[in-house]
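Participant: Residue numbers (numbering that gives the first Met the number 0), protein chains in the order written: chain A, 0 to 291; chain B, 0 to 391.
None of these hints come from the bench; they were simulated from the model.
Owing to the predicted nature of the structure, the values given are computational and were not obtained by experimental measurement.
The beta-carbon is built from N, C-alpha and C at its ideal position, and this holds for glycine as well.
Be aware that one or more of the hints could be misleading.
[Claimed, not checked] Derived CB-CB ranges, DEER-like:
hint, chain 1, residue 1, chain 2, residue 2, range
1, B, E238, A, K77, 31 to 37 Å
2, B, S109, A, R184, 48 to 54 Å
3, A, A13, B, E238, 43 to 49 Å
4, B, P111, A, G127, 38 to 44 Å
5, A, K147, B, S109, 39 to 45 Å
6, B, D195, A, E211, 42 to 48 Å
7, B, H171, A, G29, 36 to 42 Å
8, A, R184, B, F217, 49 to 55 Å
9, A, K80, B, E126, 35 to 41 Å
10, A, G8, B, F90, 26 to 32 Å
11, A, D83, B, P189, 54 to 60 Å
[Said to hold, decoys possible] Coverage of chain B stretches by chain A, computed from C-beta distances (three or more under 8 Å per stretch; other residues unrestricted):
hint, region
12, 43-56
13, 84-97
[To be verified] Some chain A residues well away from chain B (every beta-carbon gap over 12 Å; in silico):
hint, residue
14, M106
15, G127
16, P160
17, A192
18, Y233
19, D281
20, A284
21, L290
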Amino acid sequence: MEESLFAPGHRACAGCGMPTAVKLVLDAAGPNTIVASPTGCLEVTSTPFPESSWRVPWVHSLFENAAAVASGVEVALKRFKKTDINVLVIGGDGSTFDIGFGAISGMFDRGHRITYVCYDNEAYMNTGVQRSASTPFCAKTTTTPTGKMSLGNPRPKKDMPAIAVAHGVPYVATASIAYPVDLRRKVKMSLSADGPAYIQVNAPCITGWSFEAGDAIEQSRLAVDTCLLPLIEYVDGVLVGVKKVRRKRPVEDYLKTQGRYRHLFKVEGGAEVIAQIQAMADANAEKFGLLD
Amino acid sequence: MKKVVEGSYGIADAVRCCSPDVISVYPITPQTHIVEHISEFVAGGKLDCEYINVESEHSSLSSLIGASAAGARTYTSTTSQGLALMFEVLFNVSGMRLPIVMTTVNRALSAPLSIWNDQQDAMAAREAGWIQIYAENVQEAIDLTPQLYKISEDPEILTPSMACMDGFILTHVYEPVEFLDIEKVREFLPPYRPEDVLDPNDPKTFGAFADPSWFTEFRYLQFQAMERAKNKIAQVSKEFEEVFGRGYGGLIDTYSMEDAEIALVTMGSVVGTVKEAIDGLRSEGVKVGLVKIRSYRPFPEEELKEALKDANVIATIEKDVSIGYESALLTDLKAAFYNSPIRVPIVGFAAGLGGRDIGIKDIRSIVERASRVKDSGIEAEFEIFGVKRECL
Chain A
0 MEESLFAPGH
10 RACAGCGMPT
20 AVKLVLDAAG
30 PNTIVASPTG
40 CLEVTSTPFP
50 ESSWRVPWVH
60 SLFENAAAVA
70 SGVEVALKRF
80 KKTDINVLVI
90 GGDGSTFDIG
100 FGAISGMFDR
110 GHRITYVCYD
120 NEAYMNTGVQ
130 RSASTPFCAK
140 TTTTPTGKMS
150 LGNPRPKKDM
160 PAIAVAHGVP
170 YVATASIAYP
180 VDLRRKVKMS
190 LSADGPAYIQ
200 VNAPCITGWS
210 FEAGDAIEQS
220 RLAVDTCLLP
230 LIEYVDGVLV
240 GVKKVRRKRP
250 VEDYLKTQGR
260 YRHLFKVEGG
270 AEVIAQIQAM
280 ADANAEKFGL
290 LD
Chain B
0 MKKVVEGSYG
10 IADAVRCCSP
20 DVISVYPITP
30 QTHIVEHISE
40 FVAGGKLDCE
50 YINVESEHSS
60 LSSLIGASAA
70 GARTYTSTTS
80 QGLALMFEVL
90 FNVSGMRLPI
100 VMTTVNRALS
110 APLSIWNDQQ
120 DAMAAREAGW
130 IQIYAENVQE
140 AIDLTPQLYK
150 ISEDPEILTP
160 SMACMDGFIL
170 THVYEPVEFL
180 DIEKVREFLP
190 PYRPEDVLDP
200 NDPKTFGAFA
210 DPSWFTEFRY
220 LQFQAMERAK
230 NKIAQVSKEF
240 EEVFGRGYGG
250 LIDTYSMEDA
260 EIALVTMGSV
270 VGTVKEAIDG
280 LRSEGVKVGL
290 VKIRSYRPFP
300 EEELKEALKD
310 ANVIATIEKD
320 VSIGYESALL
330 TDLKAAFYNS
340 PIRVPIVGFA
350 AGLGGRDIGI
360 KDIRSIVERA
370 SRVKDSGIEA
380 EFEIFGVKRE
390 CL
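With the hints as extra help, turn the sequences into a complete structure.
Facilitator: What follows is the structure, encoded as structure tokens:
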């Protein structure tokens, strides 16, 4: 077996979904690739000086500027006529949905040939599970705790893929670590796009979501099977690919296995919330035609 | 042959002569004319580079991090709020040892909003690990540009630098200047060939995090490089003079200091006014001189002590306030003398804040006050000069 471009020995939690996502993305992109990452779990677990897990050139600057840093790499490569090199951003949802949002919008707007990969674990996990704009409705985080007055995060997840599509980004897709062949294909597709690309990869977090270690891939599969995570693909703004769900499962099957949703099964009003989340899943199935 | 041009045009032309690979810009008054002129050069085919319009100053400097790490010579310019928005990026650039060169147009920081000149913006960034050199006039700002690339890109230095020039006073003034000759600049400034770059054939990690067992060493190496920059700045200034015939001294320059009893210390465009005031005062028999600080970071401690050792009183004039404790240059200057046997009274004046003009009569007033210190001791170490107390 070929050596992975993301070396073992990194400090990510055993069973974390993120390194799996990173390995799949890098191995699909190949060695002729430069990666920029924002501050976050990936950065701190992969580069404790003087060690590094990166077998491709990699640059980290700050939390909110990876898209701008990558823009600079891309134009420098253009200057040096090395446009055959892939430029990737790989960053978490905090830097993507929230603090780095402006820089990503700028990168999309300028039309750089960069694939922006968000490994989406749905909260600020590196700082200890705080709510991000990617946190789903009524999930418990350390800044959206549950209590007499709260059922967790009061807002639904921000629709980043739609925002990317609205920028006129030529290739936009969602993916899951539970579907590695699909993810690898999408990475390859993105790299042939004539302009920016955005891929959002669902990467469950053991500590933040609170599930059994070893279940990350199963969790991501459940997200797909419940239709909470539609795997979709847009080329030039047109929906061209949808991963069909063969046997749609109720959202309870997903929610009940995660500590972040446990309160919904205990407190008054929880059942109504579960019904609302089920309605969101049903709406996804309808909107994207996830079911045959 | 000299030509009369706007200061911003002069800077844009100097940047052109340095052949940057990547320029990243965001507009902000009074820096905007510089990047407008640069964009005209690019559009007209006079400057061959990658030029990007980004969505914020945070991203203009951040994009240069990527470009510089990929081996590009880079340029941007900003001012005031833009520099403040870059604040964390400034530290990041210097910590990553990327030799980015930026023109910092000096302007006040809001609130209240002011688009006019003072030097609060750059002074607030003095700890950021950037070389800061302040230009007296447009010609010096032009000539600084290739010098800073040569200093910053030196493998022994690898420290970013800013050419500081006063907003409007220098950016918008029309002055006769000597343009740089691009061929001579090429002779003076070697191409940028960094050892460490982002290259798939030799993958390296840039921007790893350092735990407490390593962080101090990174800072120490930066500090050492900044110390080495002191000699480098002086040496490059000499080399520039040899090629272009214009010299500016090293870290500091002096004017009428030979027998000066009253020494003024300042930096930036007010230097010209101070020189003229000194000429007048000298003709009246007042023994006053000037030390012009060119390099504020690294701070020219030894040079200042040497230049000021025979004065009877020193007065700083600076366009910044450290709200809570006097002004930065005054504090630094006093610190430089504290452990030396030289005992000279030092007083400081914050003046020209938010673009208020500093005229010859103001300099004369400051000299008059410094003279009273010489005769009867210090009454107030620090003063915000020219306050309209009657309105308060």
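Participant: Decide, hint by hint, whether the structure agrees.
Facilitator: Hint by hint, here is what the structure shows:
1. B:E238 <-> A:K77: 31 to 37 Å: Holds: the Cβ-Cβ distance is about 33 Å, inside 31 to 37 Å.
2. B:S109 <-> A:R184: 48 to 54 Å: Between B:S109 and A:R184, where Cβ atoms are some 50 Å apart, the hint holds.
3. A:A13 <-> B:E238: 43 to 49 Å: violated (57 Å)
4. B:P111 <-> A:G127: 38 to 44 Å: holds (39 Å)
5. A:K147 <-> B:S109: 39 to 45 Å: Since the Cβ atoms of A:K147 and B:S109 sit about 43 Å apart, the hinted range of 39 to 45 Å holds.
6. B:D195 <-> A:E211: 42 to 48 Å: holds (43 Å)
7. B:H171 <-> A:G29: 36 to 42 Å: Cβ of B:H171 to Cβ of A:G29: about 51 Å, so the range 36 to 42 Å is violated.
8. A:R184 <-> B:F217: 49 to 55 Å: violated (41 Å)
9. A:K80 <-> B:E126: 35 to 41 Å: holds (39 Å)
10. A:G8 <-> B:F90: 26 to 32 Å: holds (29 Å)
11. A:D83 <-> B:P189: 54 to 60 Å: violated (28 Å)
12. 43-56: holds (count 7)
13. 84-97: Per the Cβ count (4), the hint holds.
14. M106: Since the minimum Cβ distance to chain B is about 9 Å, A:M106 lies within 12 Å and the statement is violated.
15. G127: holds (17 Å)
16. P160: holds (20 Å)
17. A192: The claim stands: A:A192 keeps its Cβ more than 12 Å from every Cβ of chain B (closest is about 19 Å).
18. Y233: Non-interface label stands for A:Y233: nearest chain B Cβ at 23 Å, farther than 12 Å.
19. D281: Check passes; 37 Å lies beyond 12 Å.
20. A284: holds (36 Å)
21. L290: A:L290 clear of chain B: closest Cβ-Cβ about 40 Å, beyond 12 Å.
Violated hints, in rising order: 3, 7, 8, 11 and 14; the structure is consistent with all others.
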